[in-house]
Amino acid sequence: MITDNLLILLYLIMPQMRMALVDAGWMRATAKLVSALCWSAKSLLQAGRHRV
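Letter by letter, the sequence shown follows residues 8 to 59 in the numbering used here.
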């Protein structure tokens, strides 16, 4: 009985945990993208300044 209840609990919790993990992955990916874009923009600005 206890194991059945635990399995049901796991079955109910797993999708939420998976969604949370996916959200965390997306957050990390977007943060990396933003930081990469900022870095490339900074390097471009510095290159432009060096040319002038």
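Some hints could be false.
Estimated spans, in silico, between C-beta atoms of each pair [to be verified]: (1) TYR18 x SER50: 34 to 42 Å; (2) LEU44 x MET8: 49 to 57 Å; (3) ARG56 x LEU16: 35 to 43 Å; (4) ARG25 x CYS45: 42 to 50 Å; (5) SER50 x ILE20: 40 to 48 Å; (6) SER50 x LEU14: 25 to 33 Å.
Derived from the structure by calculation, the hints contain no laboratory data.
Remember, it's a predicted structure, so these values are computed and weren't measured experimentally.
Glycine residues also receive a C-beta, built at the ideal position from the N, C-alpha and C atoms.
The hints, checked one at a time:
1. Checked against the hint of 34 to 42 Å, the pair TYR18 and SER50 fails, with Cβ atoms roughly 49 Å apart.
2. Between LEU44 and MET8, the C-beta spacing of about 54 Å keeps the proposed range 49 to 57 Å intact.
3. Taking the beta carbon of each, ARG56 and LEU16 are about 59 Å apart, not inside 35 to 43 Å as hinted.
4. In this structure the hint that ARG25 and CYS45 lie 42 to 50 Å apart at CB is violated, the actual value being about 30 Å.
5. Checked against the hint of 40 to 48 Å, the C-beta distance between SER50 and ILE20 comes to roughly 44 Å, which is consistent with it.
6. Against the hinted window of 25 to 33 Å, the Cβ-Cβ separation of SER50 and LEU14 comes to about 53 Å, which falls outside the hint.
Against the hints set out earlier in the document, violations occur for numbers 1, 3, 4, 6.
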